[in-house]
Structures are given as structure tokens and as C-alpha cells.
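Need the complex rebuilt from these two chains, each delivered in its own frame; the hints are there to steer you.
Letter by letter, the chains look like this.
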Amino acid sequence: MTKAAEWQLALPLALCFVSLFLAPLLLLIGVSFFDDDKITQPGFGQWVKFFGDPFSYKVIADTLLLGVKTVCATVLLGYPLALVYLDAPPRLQKILIFVIVMPLLLSVVVRTFAWIVMLGRDGVVNQLLLSLGIISEPLRLLQTELGLVISLTQIEMPLMLLPLISVMSRLDPNLRDASAALGASRWRTLFTVIVPLSMPGLVAGCLLVFASSTTAFISQTVIGGVRLIYLPLLIWQQSLVVFNWPFAAVASIALLVSVLTVVSALSWLGRRSSGHLQG
Amino acid sequence: MFSRRSLLAGATALGGTSLLPAIAHAKGSVASAIYPGTWEDAYRAIVAPALKKKDAVDLELQPLFAVDQIAKARAARGTPPFDAFVLDPGPRITGIEGGLFDKFDGKKITNASKLPAGTIDDWGIAVSAQVVGIAYNPKKVPAPKGWKDLFTDPWVSKLGLTGFQTTFGTVSLIEIAKIFGGSETNIEPALVELKKVLSKVAAVGQPAAMPSLFQQGQCDVMYTNTQTVATLKGRGVDIEFVKPETGAITFFTTLHIAKGSAEVENAYKYFDVALSKDVQEALTKPPYNLVPVNKDVPLPADLPMKSLDEMATYVQHDWAKINPLRASWIEKFNKEMAK
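Protein sequences, first through last, are from chains A and B. Quick note, the first sequence lines up with residues 1 to 279 if you use this note's numbering. Quick note, the second sequence lines up with residues 280 to 618 if you use this note's numbering.
Certain hints may be false.
Pairs of lysine-lysine, DSS-like flavour, derived with a Cα cap of 25 Å [stated by the list, open to error]:
1) 58(A) - 418(B)
2) 418(B) - 479(B)
3) 38(A) - 611(B)
4) 457(B) - 351(B)
5) 58(A) - 611(B)
Only some residues are given here: those of chain A computed to face chain B with a beta carbon under 7 Å [stated by the list, open to error]:
6) 54
7) 55
8) 77
9) 121
10) 125
11) 168
12) 225
13) 228
14) 240
15) 242
Between beta-carbon pairs, the in silico distance windows are [unchecked claim]:
16) 565(B) - 99(A): 51 to 59 Å
17) 134(A) - 586(B): 22 to 30 Å
18) 54(A) - 389(B): 55 to 63 Å
19) 41(A) - 600(B): 19 to 27 Å
20) 400(B) - 154(A): 34 to 42 Å
21) 611(B) - 6(A): 39 to 47 Å
22) 99(A) - 337(B): 44 to 52 Å
Keep in mind that the hints were calculated from the coordinates and are not lab data. Just so you know, even glycine gets a beta-carbon here, dropped at the ideal spot from N, CA and C.
One chain only, chain B, in its complex shape (with noise of 0.2 Å):
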């Protein structure tokens, strides 16, 4: 016999599960990683409400810096906690090597033809550059030429560092390391050369900690990217971009989608809204101030470029040469850098 609980119970649960497909139909949905901060409030405020009004597709964002996502995805073994991963160059070449991607294809892009050459291939596809250089604060310090002059004084007692854990520090590293003579795969003179001056040096600190370090003073020189200098400046911070006389370096923030996905085409709708002009445009826009991939949308003033065909000439790095040695760069770093 039933009581008249289990039957309460019974039909309130047939009831529920006869909404469900209802809901599911109505409302499909995407789950990606996003870097936290700057970017997720971005994403929230403006590619969510574009997505659901084109595709009523939902965006649920998960905030993960590259490597954490990485670090989930592999954790998880092929069922992905997130349908799409949001990536630098390093990061970007560990997922394609443990197979974390699913292979992409361009041509559902619609737009796709707007973007610079060389942005899209079987893995993913770009959805904003990062341009790399050195930020300075112009009250207390002039404005230093380039790489050499962060070694030397009143930069040298003002400079923040960061190691190798970002791309950002890798690749700003690997530059000063070809001032002395060094390349893309041999970092020795710069980590020498950083060694002399280290007693000097103003802060070697956490990259996530960098942004306070310099609007608190301890630092007035670091290498950062031309968004971080952007958001530091809507909050009053002293702050001022310089592209160093070597070249800024440029490497491009791409978008994947995690194999496995059960939501591919939600996720090829949500790549196609997040590279339309009128999202790209807005993401532009303080206080976000992301730089853009469609060509169609004008660059920020404040760039050190016309044009995205400009950044050709910019200084690239080559992350498949990189990725392998980077390990022993950390533990290298680690052991001449400790107190």
C-alpha cells in the first residue's frame, strides 16, 4: 500500500520531471571558463546579455586563471567541467598536447573574415590580443627608453618583477634576456644580469599581487600589459604605458572548446558573439578595456597601435619552444632569486 506521504512525494516528482525538458529546450546553455576579474565582469555585463538576446543561449561563467583551468580539465579526464576554455599561448600549447581541445572548425564562425590573419586554426580561435610592455609611474620616475634601462638607475630601485609563472613575465623576461645576448630558449643573461641588481630591486612579487605593489608605491617601473595599465588609470593611479625601443611584444588570448563538451554548437554560437563588433566594441570600453580581434572595431587611443595588421611587427614568441623549458626557468628562477 502507498501511504499518502510516498504518493504526495511520488507525484510531485512525476510533475517535476515532466517541467524538465521544457526547461532544458527553452533555455540552452554554455559553460566557459574566464580569467577572474576584469575579464569575468566583462563577459558577465556584456557578452551574457548579447548571447541570450541573439541565441537565448545562457552563459555561466566559471573564474579560472589558464593554468587553473588547465589543471581542472586534466584533473577531470575527459569529462570537462566547462564546455569552453578562455587561454594565453602557453596554456593554450599544454591543452593541445594533453588533447584537452576538440577540434575546431572555423567556418561555423560567421565572423570569422573579420578577423587578423593567422588568428584561427584546428584548436581555436583568438578573441583578444595582450600587448606587453613596460608601465611606469610618470611622477616618480622618467620614462625609461627600454629593457636595459630597467637594470640601471632611477629605474633599477623602483622596478617590480614577477618570474615565469604568467606569460606575461615569461615573455618580458625572455626580451630583457635577448638585451644580453640571450634568445627564446636561453634565459641565463637575463637571470645574471637580474642577479647583480637584485639587492636594488624594489619588489619580486606574485603576479596578482603586481597592480597593488605598484598603486601602493612599492614599485614605480614593472612589465605589464597595456589592459592593466588602463584599468590602473580609471582608478587614479599614476600610471603610463611605453613601448620599449625593441618592440612591445604581442600574443593573442584564444578561445577553445573542451572535448568532450556536450554543448559544441552553444559553444561555436557563444565564440561568433564574443568576436561581434558590437561586443568587441563595447569590451574596448573602459573599465574593461580589452584590446580587440575584430578588425572592424576602432582601437582604443590610448594603444601604442593604428592598426591590428600593425601588430605583424610586433615581437611573437614561439610557445612550443618555450613550454618545455619552462619548468626548469621557474626552479632556476626560484634558486637565484631566494633569500
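The following block holds chain A by itself, in its conformation from the complex (with noise of 0.2 Å):
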């Protein structure tokens, strides 16, 4: 096929990305650029009100900050399951691909439930631990940001796995032969050869679930609560409860600017790792 075919092919996505994409986008910074809720009067004014106001840095900050939290944990779990996944036998492999994916299957609106069901004072864990005589009282888990995080690691958790089991089993299993017959230990393959091999999918990983543990509306707002206030509901507040669009897109542009420049960083990250490994 010629350069020129192979172009063709591709125009209809990028149709689909101007029409749909692009420019709803240039609409969104376009309506940020007006003073009051009708759109009518131009200016700066919600620019200076947003940026202006010290609450909206402290609501960037713990948005970039659940993310960062989620990432680390969806690290600390799912690495380890990566690695008893490579080592397992095909069926158990099969097995754990359908536990890992399972998540996926159902709504987040109904995962987000069932974490209630699960972390309330009433709840599967507060009623085991006092069963267990662990406490005498009743956790609070619904509502802070550890529930928080506890429930956007399990329903981010294929998005970190998926990646990274994918350039995992892709890794050649003399490798690591390879290593221990050289007198490394099992730690020391682990840091110095597999983890080193595993960056791209890694940072794939941390990429997805950064940016969708960011922007995770419905779970923030459900299991979180309204105390824990994130640029996602500011956002719902003003478009659709005070209709404050002008304001709502310029939060809308900070939490996509502020979003983009960690996943940048991120992919940034991952290309050197990846460029380094082959170079």
C-alpha cells in the first residue's frame, strides 16, 4: 500500500477526532473567555477567579495527589500479581487474566456501590474486624480519601495489569536464567533485570491510572463524599447546578492542563526508559 493510500485510511478518525474532538475543545476555551453565565459580556474574570482563589490550588493539588496515591497502590498490588502471573502455569494464567479483566465487565456505577456496601460503619469489613475482635468500634472507611483509595485501586486495577502483564510475558524467560546462573539473587534479578525490562508497561500503567483515577467522577463524589472536593465535582457544580459554564471550563482547562502535564511527564518517563533499554 502507498504512503499516500495509508494516509486515506486514516482521514476518517481524523475526521472523527476535529468534528468531535478538537472542537468541542476550542468551544470549551472559547466559552471560558466570558464574564457571566449567559455568555454574553467577554473578559477574563473567571480566569482571575479561578486562579485567584487559593481553594482552587488546594483542589488541583489533592486531585494530582489522589492520583499519585491510586498509582502508588495499584503499583504496591498489582506488580507482585504481574509476577505470580508470568510464573504460573497456563490454566491458573487464564484463570487470573478473567480475575484481572473481571473488573471491567461491570459498571463503575455499580462497583462504586458496592464499595459502600463494603466500607460502611455496617459494612463486610467493619463487621469482620469487629467479629474478629480487632476493633470494638466501627472504622470510618466511607468518605475519607483511604476508602477513597482503597476502592479506585481495585476498580483501576486492570488498567495497571493489563499493560504491564502484556510486555511482562513478551520478556525472555533465559533472561532471567541468565541472571541467577551469573550468582544474582532473586532480588537482585527482580531490580536489575526484570523490573528494569517491565518500565514500558509500567509507565503505561501508571499512565492510564493516573489519569482515569484523576478524573473519576463518580467515585470520588459517591465514595468520597463532598468534604473531599476534587476539580471534578467543582466542575459538575458549576455547569450543571449553578450553570456557570464560563467557570466550570476554566476548571474543565486546569484539570486537563494539570492532568496532561503528569501523563507527559509519565510518557516522557517511560520513552527514555524504553529508549535506554534498547539503546
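Here you go:
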């Protein structure tokens, strides 16, 4: 196929992107430069209001921090699971992949409400801990950041594991044997051979989990409650309750830019690590 | 020359279009927004078949919360995505101010005379009432007497709160503010008192999550409407409704015709059926538990009033005053309550 034909094949998707993604994005940016909620008076008022309020910076920082915490938790729990998958016999691998993908088959709303049942005062976790005598009073897990990170870790786990497993499955098993034959301990093999080689998958997983958890409006508001304020809740309130679309547009751009900055940094790290391995 | 394929395609298209007017004539329709959940279930099960039977009009329901209806209609700019709105007082005022409704002619509603006074105006008509007060779990806490009790033990540590996003949340917080010296336009005292007890409060949640939080025992006291209490009770949850000593709050849910709608006459027919005695009575029954506005309909036994006329003595609010302040209240609530 010629280069021109290839370019033409990509045209329908490119047109979709321009009309369904780029045009609304430009509209969003345009709307943010209006002072009033009726979108009649152009100006920078909403930008000044958003960035002149220290509360906005707190909300941005909390949103990004939530993403970082969820990424750390999914890496800590997901990486060992990926190692188990790597060493498992093919039948067990099939079962494991089903268990890993299962959360994706359920609606995010159902998964989120299921966590209310798990983390509530009379929920499964508290009842188990009370019956084992570990605690005497129910723990407060719902409407705390800890509870939110726990539930997001489960909800986002497939996004970490799938790229990780796909990269790790392609690693040459002889490398581990070679490392052992040269006298390296299992830990040394893990940290000097497996982890660096799996870095592209790990970075891709981190990227997906970060972008998804920082924008997980339903989980953030239902499990976190309204005292934990993240950018998606702020955008929802301004666009659908207060109808101040210009302010909501500014908050949306803040979310987009802050998440994109972290995602770009991660993706740069991923490219650097894979370039380092190949070079 | 026509190919055989293009000739066939043309003939099929022609045949198809010749059928279209017949279909349109046989099936008049009206598209209405409706609250998701109980309202949608109730209107699908009761109102839609009744409208079809009486007027041969199909009712298409689009599940949308009140604020989402306003947002969609505003975004559509003159080409409404549905013919009728169902709204609470706050979004109703936003709709009127935004010019989203067609002028309403109450004379076209045959059941209009069955409604309490003041429930029809130039913009729409009431279809259901809501009564807001305090709900509590009788197995966990004693019955609170009024709003002030919510700030003391044993209720405060079991209290579930919501902010100003919803109508019932806003009016409850206004009533709390009044107890502590505030008013319909001054909610500051409520926020001051809330802040004092915030560390003890069991949950500050999204309105849609509150019934689940109550069901799971995360909170045992909350402000809500009688319909939510009846629905949870129907699911076997231990819950009772208390009319606060300063009075229960009431407001109407109203129907409106979207400006630019092509199905205005069908919308009137739909409203009339929704307000008829049989339909309103069926809507009051479990699992729907809607409060009727047709005075011929007997009120459900668990409602804290004997007749609709009593509603005039209940606490009501002026949303034309509340709406302009609501954005700043939401902002303040965010900042004061944020962890």
C-alpha cells in the first residue's frame, strides 16, 4: 500500500477527532473567556476568579495527589500479581486474567455502590474486623481519602495490570536464568533485570491509572463524599447546579492541563526508559 | 441508465416514505424529561399506558435530573431535546429566567379545577407535592423533635448531610439557619453551627448516595422527603419520617412545555392524563409513593397531613430570592466543609 493510501485510510478517524474532540475543546476554551454565566460579555473574569482563589490550588493539588496515591497503591499490589501471573501455569494464567479483567465487565456505578456496602459502618469490612475482635468500634472508611484510594485501587487495577502483563509476557525467560547463573540473587534479578525491562508496561499502566483516577467523578463523589473536593466535582457543580459554564470551562481546562502535564511527564519517562533499554 | 440495484433501492425508499405519514398520523407522541429512578418507573408503568389508551399518544420518557434538563435545554438553544420538563422550584425559576418554557394555558387542562389554589401559573402546572423533614432509624436513635436536635447527641454522630445541590438539601439548610438566627437569604448561622459539629457528623454526601448510605447504616438521621422514606421502608429499611416542630417543608414538582416544542397539544394531553384522578391515585401507591395534587385522591396514610389544603400551613420558600444566592452558598459550603 502506498503512503498516500495509508494516509487516506486514517482520514475518517482524523475527521472524527477534529469534529468530535477538537471542535468542542476549542468551544470550551472560547466559553472560558466570558465573564457572565449567560455567555454574553467577553473577558478574563472567570480566569481571575479561579486562579485568584487559593481554594482552587488546594483542589488541583488534592486531585493530582489522589492520582499519585492510587498509582502507588496499584503498583504496590499489581506488580507482585503480575509476577505471580508470569510464573503461573497456563491454566492458572487464564483464571487470573479473567479475575483481572472482571472489574471492567461491571459498570463503574455498580462497582462504586458495591464499595459502599463493603466500607460502610455496618459494612463487610467493619463486621469482619469487629467479629475477629481486632476493633471495638466500627472504623470510618467511607467518606475518607483512605476508603476512596482503596476502592479506586480495585476499580483501576485492570488498567495497571493489562499493559504490565502484556510487556512482561514478552520478556525472555532465559534472562532470569542467565542472571541466576551469574550469581545474582532473586531480589537482584528482580530489581536489575525484570523491573527495568518491564518499565514501558509499568509506565503505561501508571499513565492510565493516573488519568482515570483523577477524573473518576462517580467514585470520588459517592465514596469520597462532598467534603473531599476534587476538580471533577467542582466542574459538575458549576456546570450543572450553578450553570456558570465559563467558570466550569476554566476548571475543566485546569484539570485537562494539570493531568496532561503529569501524563506527558510519565510518557516521557516511559520513552526514556525504553530508549535506554534499547540503546 | 439505472442499474437494477439503484432501481430497487429507489423503489424501497419510495415505498418506505409513502408509509411514513400513515405511521405519524396513527401515533402522535410527546417526549418528556423525567427524574430517573422512581419517577421514571412510575410514569413508564402508569402514565404512558393511560395516555396511550385515552388519547393514542405515545409518551417517550428521557430520564434526567432537573438540573440536567435545564442544562440540556440551554445547550440546545431553541431546539429542545424534549417537549416537556418536570422540575423542582429552583430549576423552574432558572427555566423561566432563561426563557426555556412556552406560555402555559391552564384552561386546556380539564383536571385543573381539582388542584389546590396557586398550583397553576403562566409557565406550568404542579403534578406532585414533596414534603421534606427529618428521617431517622428508630432502632438506632430516638425520634428527633426538630432541626436543633440534629446538632446534639445522640443524633449528631449519626447525621448524614447534603449541601445546596438539591432543592431538599437547600430548603433543609435554610430551616436549620432559621433556628440559629438566620433567614431565607442568610444561611451563615447554619454553616457556623455545622462547622462546630463537623468532626462528629457521620456523612456529608452526594444527594443521590444518601439513601444507600442510610441503608448501609453509615448514617441514621438525615433530611429527606416522604417519598424517599416510603421507598426505603418498602425495601425493609428501618426508617421513620418526623415532621420538625417548626413545620415540615413543602414544595411542588411542576410540569412545563418546552419553548419550540412541535408537540404542544400532545403535551397538554399528557399533563391532563398525569393529573387525572385514577393516574394520580395509582402513583401514590407503593413502590412509587408520589404525593398527589389532585384533591379527589385520598392521601397515603403515612403522609404527615390529612388533606392537601393543610399544605398551605407548611413551610414554603421563595425561590426567586434563593436562586441568585445559591451559587455563592455552594461555594461557601465547599470551602467550609472541605477536609
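Check your understanding: Are the Cα positions of residue 457(B) and residue 351(B) separated by 25 Å at most?
Key -> Measuring from Cα to Cα gives roughly 34 Å; hence the hint is violated.
Practice item. Take the C-beta atom of residue 41(A) and the C-beta atom of residue 600(B), compute their distance, and say whether it sits inside 19 to 27 Å. Key: holds (25 Å)
Exercise for review: Using Cβ atoms only, decide whether residue 168(A) comes closer than 7 Å to chain B, and label the hint accordingly.
Suggested key: Violated, about 38 Å.
Exercise for review: Identify whether the interface hint at residue 55(A) stands, where standing means a beta carbon of chain B within less than 7 Å of its own.
Suggested key: With a minimum Cβ separation of about 6 Å from chain B (threshold 7 Å), the hint on residue 55(A) holds.
**Study point:** 25 Å Cα cutoff - pair residue 418(B), residue 479(B)
**Key:** holds (20 Å)
**Study point:** Interface hint for residue 77(A), Cβ within 7 Å of any Cβ on chain B
**Key:** Interface hint status for residue 77(A): violated (25 Å vs cutoff 7 Å).
Exercise for review: Just tell me: holds or violated, for the beta carbon distance of residue 400(B) and residue 154(A) against 34 to 42 Å?
Suggested key: The hinted range 34 to 42 Å is violated for residue 400(B) and residue 154(A), with Cβ atoms some 50 Å apart.
Review point. Is residue 58(A) close enough to residue 418(B), meaning Cα to Cα at most 25 Å?
Key: The given pair, whose Cα atoms are some 40 Å apart, is violated under the 25 Å limit.
Review point. Within 51 to 59 Å or not, the Cβ separation of residue 565(B) and residue 99(A)?
Key: violated (40 Å)
Review point. Holds or violated: residue 242(A) as interface residue toward chain B, Cβ cutoff 7 Å?
Key: The hint holds - residue 242(A) has a Cβ within 7 Å of chain B, the shortest such distance being about 4 Å.
Exercise for review: Against chain B, run the beta carbon of residue 125(A) and see if the smallest gap drops under 7 Å.
Suggested key: violated (12 Å)
Review point. Within 39 to 47 Å or not, the Cβ separation of residue 611(B) and residue 6(A)?
Key: violated (56 Å)
Hint compliance for this structure: hints 1, 4, 6, 8, 10, 11, 16, 17, 20 and 21 are broken, all remaining hints hold.
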